[in-house]
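Starting from the known structure of chain A, fit chain B onto it as the hints suggest.
Those sequence lines, one after another, are chains A and B. Mind the numbering: the first sequence is residues 20 to 127 in the working numbering, read in order. Mind the numbering: the second sequence is residues 15 to 238 in the working numbering, read in order.
It should be emphasised that the hints constitute simulated quantities derived from the structure, not laboratory data. Just so you know, these numbers come straight off a predicted model, no measurement behind them. Please note: incorrect hints may appear among the correct ones.
[Claimed, not checked] In silico DSSO-like links for lysine-lysine, alpha-carbon gap of 27 Å or less:
#: 1; chain 1: B; residue 1: K232; chain 2: A; residue 2: K57
#: 2; chain 1: B; residue 1: K126; chain 2: A; residue 2: K77
#: 3; chain 1: B; residue 1: K232; chain 2: B; residue 2: K191
Below, each chain spelled out in residue letters.
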Amino acid sequence: MQDSYLIAGIAVATIATMLTRFTPFVFFAKRKPSPLIKYIEWNMPLMIMVILVFYALKDVKWEEYPFGLAEIIGVAIAVAVHIKWGNALLSIIISTITYMFLIQKIFI
Amino acid sequence: MKFLSIFKLTIPVMMGYIPLGMAFGLLLSKMMIPWYYAFFMSTFIFAGSGQFLALTLFASQATILEIGIATFLLNLRHTFYGLSMISSFKDFSWKKNYLIFGLTDETFALLKTSNIEEKDREKVYLIITALNQSYWIIGSVVGAILGNILPFNYKGIEFSLTALFVVLSIELYKKSKLHKPFLIAVVIGIVGMLGFPSDKMLILSLSLAAAVLILFRKNLEDAR
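Next up, chain B with everything else stripped away, as it sits in the complex:
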């Protein structure tokens, strides 16, 4: 498979990652964090909503433990992606570790939906993942640097994070078989937002949600 046709496959991801990466970089620079942290975060963490969440947590001076738990819970969905890629990556060399590292929502979607000849597969998968990550890094670094130079009033740009969560909620709602967990999460979210101490809101609400989900599994599954 030629590089150009692989590149074409990744164009939709590029159109998403560059602006979203820039929004991330702008937000980071607005928080007075130096631009090279955008590069480090996009290189090492490489998780869109995870990085936005990290910025939110940095801003509220969350503890390191909270950052770890919240990021883990937020990205837990990747475990599911991994589960459905085990057989695809089975015969690959050690390089598959990079594929696993870079298994974002969008990369997963591309790899799952693309139709690639078996002999080419490992190489093509690696190129797709690397291209996607490079878009993300470029977007976030450009956003972080421009954020410091452009005389642009971006007060309120952090709303892009709220909007991202709203959009992903809708997407997940459309895909989910059970709809009660959604209503339960809305109730927990409102209670948490208004009632829980601001700095513990995320951990408390997420733990409560997980507990309800597990304890009432029978009721929730029967009620579909």
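Next comes chain A alone, as it looks inside the complex:
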């Protein structure tokens, strides 16, 4: 990967992240946010996160063996472990290890 691409990408990601953090302090320090802004801020993050799950799965080849089974099992384990114990780190580690085991040893 080219250094210029990485540096530009990191710079843009830095500015975009800072925008999201500084905006309220710059614009809303004095006045109250509108109901529409509040509504978007309450509901958009969940939609973004769900779409990111599918975005992360977009390169899975569903019509070829093993038909995305490793991904489906991995996601199911992440959901189950998280609902059971509610520990984000544990859910991520257990499901990732399972997934790595599946694609390295089982679905070869």
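Just chain B, lined up with the frame of chain A:
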């Protein structure tokens, strides 16, 4: 407040940031990106899911504009954190700019839930934020360097990103008052995953989600 008791406050964040930072560093080194980029990303971007997203976008050679828009949309939730910190930071000196810069999900949670005397507050907040960022930087750099040395087959470790998004979805779902946006996002996600061109999937799906959310606001709010 003594440094040791501030450090104790940040231990849960340390236990999360070091392994997750290492997963980030490993993924970065697996993509053949030199380790010092892990340091730069964790120092300047300092946003967990934002940095994972950046790696995913780098891997698919997304354009700089797409990286900017996707990162902005992903981190938009921080705007809400800022809104609820305005009054807490109001009387702080210029140093509050670092607090705003470092307002991650976990730092926000710590600052919001900790009980600190007013005269100490600015200093303690600064130390908490700096400690949290140092855990993140250490984790990601160690992961990036070890990733190049350890003869460990980490094929599939990028699934930690998928798992992170799954976990955060569940967390946000539990907190949200409206549940329809979740179902709408699942439908849009599936349609996007199977139907949209791979390189435009994120932007198209996110824009569609935002449009549906705004256009059908009345229906969604009434249906709670």
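Now for the hints, and whether the structure bears them out:
1. K232(B) <-> K57(A): 14 Å, holds
2. K126(B) <-> K77(A): 36 Å, violated
3. K232(B) <-> K191(B): Status holds; Cα separation ~14 Å.
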